[in-house]
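Novice: Chain by chain, the residues run as shown.
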Amino acid sequence: MEGARGRAVAVSGRRGVALISALLLLLTLTALAHGALLLARAEWMGSNARARAAEAEAVVTVRMDETLQQGLPPDLSDEPIWASRVLDDGTGSDGVVRIQRLGAESWWLEHGANGHAGRGTGVPGRLLWWMDPLARIRSLGAVLSVGEGAAWTVLGSVERLGFGSVTGPLDTAACGFGALTVTEVPDLVRVLPEAEMPFGLGLLSFDTLLARTAETVDGIGTPAPREEVGACVMDDPWNWGDPERLEAPCGSVVAVRAAESPLRVEGGVGQAALLVDGDVELAEDAKLYGFLMTSGVLRLRDQAELRGMGVALGGVVVGSGARVQGSACWAARALYAARAQWMPMASPVPGVPPIAP
Amino acid sequence: MRNRAGTSAVEVLVALLIGLFLLQAAMWTVARARTYHERLVLRSEALAAVRLAGTLLRMETSAGMEALDWGVRDEVLTLRAFRGTGLVCGALSGSDSVIVSFNGYRRPDPSKDSVLLLYPDGPRQVIGLRDWAQAPGASCRGRALRSPVVLRLAAAAPAGSVVARVFERGAYSFSGRALRYRRGTGGRQPLTPELWESTTGWRVLGDRLEAELLHRREWSPAGERRWRVPVAARSP
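Chains A and B, in that order, are what the protein sequence lines are.
Reminder that position 84 of the first sequence reads as 84 in my numbering, one-by-one numbering, no gaps.
Reminder that position 130 of the second sequence reads as 130 in my numbering, one-by-one numbering, no gaps.
The set of hints was computed from the structure by calculation and includes no laboratory data.
Do not rely on the hints blindly, as some may be mistaken.
Said to hold, decoys possible - Cβ pair distances, simulated, as ranges: (1) A:Gly35 / B:Ser111: 42 to 52 Å; (2) A:Leu37 / B:Asp96: 58 to 68 Å; (3) A:Asp75 / B:Ala133: 29 to 39 Å; (4) A:Ala51 / B:Arg124: 26 to 36 Å; (5) B:Arg146 / A:Leu37: 41 to 51 Å; (6) B:Ala159 / A:Gly168: 29 to 39 Å; (7) A:Ala83 / B:Asp96: 19 to 29 Å.
Said to hold, decoys possible - A few chain A residues facing chain B, derived, Cβ under 10 Å: (8) Ser21; (9) Ala36; (10) Ala40; (11) Ala53; (12) Ser84; (13) Leu102.
Because the structure is a prediction, the values reported are computed rather than measured.
No residue lacks a Cβ here, since even glycine has one placed at the ideal position from N, Cα and C.
Between the sequences and the hints, there should be enough to build the whole structure, so can you do that?
Specialist: Here is the structure:
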């Protein structure tokens with residue numbers, strides 16, 4: 001009995017050593033395996049975090065692009081400077097898209113995160129430019145503007161009296177004057193400085209303006225309001241509205257027209273934003289209310305009249321008997337109508353990337 | 001004699017051999033596991049360096065425009081490192097101060113920062129930063145400003161700016177086997193371990209800028225060593 005007990009004790013002791021050794025080995029290997037697992041997990045989390053950040057950045061970029069593509073509210077241009085408005089409240093999404101007016105033509109589009117989503121994406125804002133008629137009128141600063149080196153001859157009259165006032169039959173709303181008006185007294189004729197080249201309106205080049213104008217005219221024509229059965233006929237390129245009878249069917253129509261070759265307007269009346277790539281001539285008793293821009297020479301002959309503003313890269317000739325009456329109201333009315341075609345919404349300023357932070 | 005355990009010499013030898021074999025196997029296993037573990041650590045650091053280089057360089061270059069704000073010359077990416085943005089409330093004509101609603105990675109620092117002023121239709125102007133101050137309670141056209149700050153410039157700024165971007169001059173390079181950042185004319189601070197081969201550098205392609213990264217062999221003994229990280233899109 002004693003011998004058997006002694007053998008059992010000895011065997012038990014040997015088994016214990018082996019077991020402890022095996023356990024230690026197992027523990028060492030397990031620790032190493034866990035270390036590797038932790039490293040792999042840290043690597044995975046690092047990669048995942050970068051992927052999530054890239055995804056969030058893409059989402060924010062796309063959401064701001066989508067907001068711009070959907071168009072801005074029509075009454076946004078009435079916002080006073082420094083006011084902001086939420087364009088997309090992010091319901092069910094990852095944040096709000098907000099626009100803030102920084103200046104007459106400058107806007108700041110930004111993405112604000114809701115909760116954790118979208119945070120730290122690095123793409124919170126974009127500087128936008130949106131043509132503002134009143135800002136363009138102020139920027140031009142003259143009843144007539146000509147290109148550098150171009151000549152101007154005035155035998156008739158160029159007037160600026162009452163340039164910023166609203167005169168009948170228009171009212172403030174018809175001019176597009178909201179909270180802002182034009183109070184500055186402009187020059188009669190001003191030479192466009194070299195710094196304002198290339199020729200155009202702000203960031204919109206003349207070629208862009210031409211390309212974005214849907215309706216064209218050419219040659220010689222006489223604008224006149226055209227009505228049928230009490231409605232204004234809109235598909236006539238020479239129907240430039242009825243500025244002298246605003247209550248008439250064509251009274252609210254402001255034409256936006258482009259001519260890709262020299263144009264002669266013989267008599268007639270209309271309210272328009274008119275672009276001409278070449279010389280343009282208003283003759284006989286033609287009356288144009290609005291805004292005229294040409295890459296050539298602007299000539300007014302006979303008893304022709306331009307009421308609003310004109311820009312002529314090649315120079316201006318106002319013949320005896322002809323008249324240019326400066327009017328911010330008529331120019332703004334035409335430019336507001338044209339903006340719907342030329343620049344229906346704000347767009348990022350070229351050369352300025354998305355700005356972070 | 002019958003009561004003694006273990007007993008024969010053969011049994012002892014067999015037990016010894018098996019024990020030694022097991023010990024050798026265990027040591028070999030532990031050694032291999034340790035080697036793989038070290039490789040994994042190196043690999044992890046190498047991959048983290050690739051991620052860091054890609055993320056950082058993309059973030060820095062995407063904040064600016066090539067030629068205007070950044071460019072690669074003599075194997076060095078020099079740039080304006082933008083650190084904050086202020087929406088300009090107002091700047092009087094000829095004034096050297098602008099009030100802004102400021103948001104930034106850090107506070108402005110006159111010892112190293114300049115200000116890039118953006119105007120509505122594209123022009124830009126760079127003026128040194130002389131000083132700055134918080135302007136608690138400041139409002140703009142009757143509306144409270146978020147994080148209002150007054151930036152005092154080294155020279156008068158033309159009126160009409162809408163955005164003021166605070167930046168420092170910086171340069172990134174792959175020198176001394178690490179990605180390094182140099183602020184102004186200061187020293188080059190390593191941002192990664194010294195794990196790149198000397199051939200690591202920039203690739204200026206027609207439509208993009210890439211960083212071609214090549215790990216030293218000891219940092220990636222078994223895995224992929226060469227990485228092409230897109231840094232920025234270029235205008236064709």
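Novice: What hint numbers does the structure not satisfy?
Specialist: As far as the earlier hints go, not one is violated by this structure.
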